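Visitor: Chains as they are written, first to last, in my numbering: chain A, 8 to 375; chain B, 837 to 1223.
Some hints here could point you the wrong way.
[As the list claims (entries may be wrong)] Facing chain A, from chain B, some residues (calculated, C-beta under 8 Å): (1) E1094; (2) E1140; (3) S1141; (4) V1211.
[Stated by the list, open to error] Residues of chain A placed beyond 10 Å of chain B at every Cβ, according to the derived structure: (5) V37; (6) G276; (7) I369.
Calculated directly from the structure, the hints in this document are not laboratory data. Since the model is a prediction, treat every value here as computed from it, not as a measurement. Think of the CB as a built atom: it goes at the ideal place given N, C-alpha and C, for glycine as much as any other residue.
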Amino acid sequence: MRRRVLVAMSGGVDSSVAAAMVREQGYDVVGVAMRLAPEPSAPIAKRRGTCCSHDDFEDARRVAERMDFPFYVIDLRADFAARVVDNFVSEYLGGCTPNPCVMCNREIKFDRLWSRARALAADYVATGHYARIEQGTDGRFHLLRAADDAKDQSYFLFTLGQDELARTIFPLGAMTKTEVRARARALGLATADKPESQEICFVPDGDYASFVERQSKPAQLRPGSVVDSDGRRLAAHSGVHRFTIGQRRGLGVASGERLYVREIRAESGEVVAGRREELDSPGLIANRISLVDNSIASGRELSVEVKIRYRHRAIPATMRVDSGRRAEIRFASGGPAVTPGQACVFYRGEEVLGGGFIERAITEEQAN
Amino acid sequence: MPIYLDHNAGAPVRAEAAAAVSRLLADMGGNPSSVHRSGQRSRRMLEVARAQVAAIVGAEPRQIVFTSGGTESNNLAIFGAITAASRRRKIISSQIEHSSILAPIAELERRGFDTVRVAPDSDGRVDPGRVLAVLDSETALVTLGLANSEVGTIQDLAPLASMCGEAGALLHIDAAQAVGRIPVDVAALGCDLLALSGHKLGAHSGIGALYVRDFARLAPIVFGGPHESGMRAGTPNLLGAVSFGAAAEAAMDAMALESVRIGSLAASLLARIREAIPGLRLNGPIVGRLPNTLNLTFPGVLGESMLIALDLEGIEVSMGSACAAGAVEPSHVLRAMGRSVADARSSLRISLGWNNTAQEIEAVAALIPEVWRRVATAEPLSEASAR
């Protein structure tokens, strides 16, 4: 019997080509588009009867028709709201800078969607992520960076373990974006020349602060002061959710020198501003550590490269995971600004070893 | 071949309707309103169809207005009656009606009319007493469905006719789901207006009809030529009407046997699934229901997931108010009957029809419990899903 693959389709070119490729490889393909956003984005909301007129889903449906496999839109709005959006809001309110794409992969695509896949008797889930999965001669699975370095999305996938990797297919891992578009055109897919999607799908205007305010009660917001490194008050602000580490704009401080957000103290509402060189830290503490292969013994110090924001380069570091699934990471030299809430992903060359969520930076004093 | 169990959404076209349409396709031409002989021939065919449709509800052919379907029939009934009764500003309906009733009522509400939506009981029955309680001399129209599309509950509407008559209000019955499945007689119901749908009983989609007892009490909503007794302008849909007429005649001829046969298939299907799925619940009454409709709450699963899993196994059912783009709202009918959001989300509608066979039902009775077990194990209801 043909193996069944559930393909997550967004209506974009990547997942369209991913679906077409597994179809060509002879799998029994079932396409699904996930309805996630709690509210339709503004231009759609203005239309009447929005629920059956979502253009992206129609693009995905056309691909399914062209490639001749069944396609369904599934309603995961409640799960997305509870597991991704609420987390996004509470992280910002707590002075952190969340990465909802990591959460969405962990909670929705590789948990919720996987349950659905089993319910639909699927053997695999495929997505349009740019990352590779390889199986070693010992049978263990390895998660690797994509061939296209500019598109590599392995950072968002560190939560996958052996069980997930064994049942996941990333058809685009070895391709470049240019190749994917060419493939889409060759297949006659309507989505071939669609523009790239935004990074955070549920905040299409990119105004995270306003989104957090809409989703919160006024009492949950933490207004306070912008202070300098010595605790001197420089300005007032309307909530810590308006800031992220390294931010320069919006501090409301008229100062001769350029100031950046250095630390966010949600409890007191203090946003600490400092000079560029004050941002750096020697390392960080991460929690909720997940390892691609648990055979990496805990307690042992490992030499790795860490990536602490999606668009950052991975830098050499040492890490030690304790039994509580926390890790201490020390940068080999001159560490960058550490942003609590972001994912911290461990690489060794091409391979993803695992990752976690940044709890806090280690300060110089603690390092000594 | 998939097993089609979604007749309440639309029945497969009956052979009689397909044959009548293909005869007509070979010999097309002539506007039924034209004077020449091609026109006369078309007119004759249209009138034969009208008589066939009239017969299935015991109406006079001249009381039948062809429309584009059940939705237009309901719109014509509601807006037409409100316009004709210019002084009266109140309209009474129920909470479990089809969207083609509820949406016009919402629109009237927006325009400042006084609207009342009576609640049903837990079996989906609308108590005529509750209608009487709000019926008054301000009421222009009472509009209720005869058989509910989602749960199949059949309403006892006969007592309403005299009440409405005394109050001077019109009684409109949406019989789209009932006609062709159970005997429907406009005289016995005593209604003023009654909506019919072609594709629910095996005609092609795109044709419906409205029974109008007294044309003086209805105003048109589409203006143009003097077609359909001046009640529905536009060149008649002859193909649709011929399909509707043939399907109505076939449905009426077959009804006595078909309803017994389908009823026993549905009953045996229910018995078999019930035995295999502990906690399965039938929504709607035990008696006083359409024989073909089973609305079932499957414990511990999302209906959406069951629906897709069954489709992949070749069994086609539906969620009451499913939406193709995946924003599946919990059924307003089940909610009005007092079911929780979670129960509504766990419910599916299985609706049988003229072309289902005992072998099909045998296969479905074996597959549904198997699929339910798989879905319940793989994807138990999460907290979030029930929000």
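Visitor: Per the stated criterion, does the least C-beta distance between I369(A) and chain B lie above 10 Å, as a non-interface residue requires?
Guide: holds (36 Å)
Visitor: Does the claim that G276(A) lies off the interface hold, with its Cβ farther than 10 Å from every Cβ of chain B?
Guide: Per Cβ check, G276(A) is outside 10 Å of chain B; nearest 31 Å; holds.
Visitor: Holds or violated: is the Cβ of S1141(B) closer than 8 Å to a Cβ in chain A?
Guide: Hint on S1141(B): holds, closest Cβ of chain A at ~5 Å, below 8 Å.
Visitor: Regarding the assertion that V37(A) does not contact chain B, is the least Cβ-Cβ distance greater than 10 Å?
Guide: Contrary to the label, V37(A) does not stay out of reach of chain B, its closest Cβ about 7 Å off (not over 10 Å).
Visitor: A closest beta-carbon separation below 8 Å is what the hint needs, so does V1211(B) meet it against chain A?
Guide: holds (4 Å)
Visitor: Close enough to count: is the Cβ of E1140(B) nearer than 8 Å to one in chain A?
Guide: holds (6 Å)
Visitor: Checking hints one by one. Is E1094(B) an interface residue toward chain A, by the C-beta closer than 8 Å rule?
Guide: violated (31 Å)
Checked against the numbered hints above, the structure breaks hints 1, 5 and satisfies the rest.
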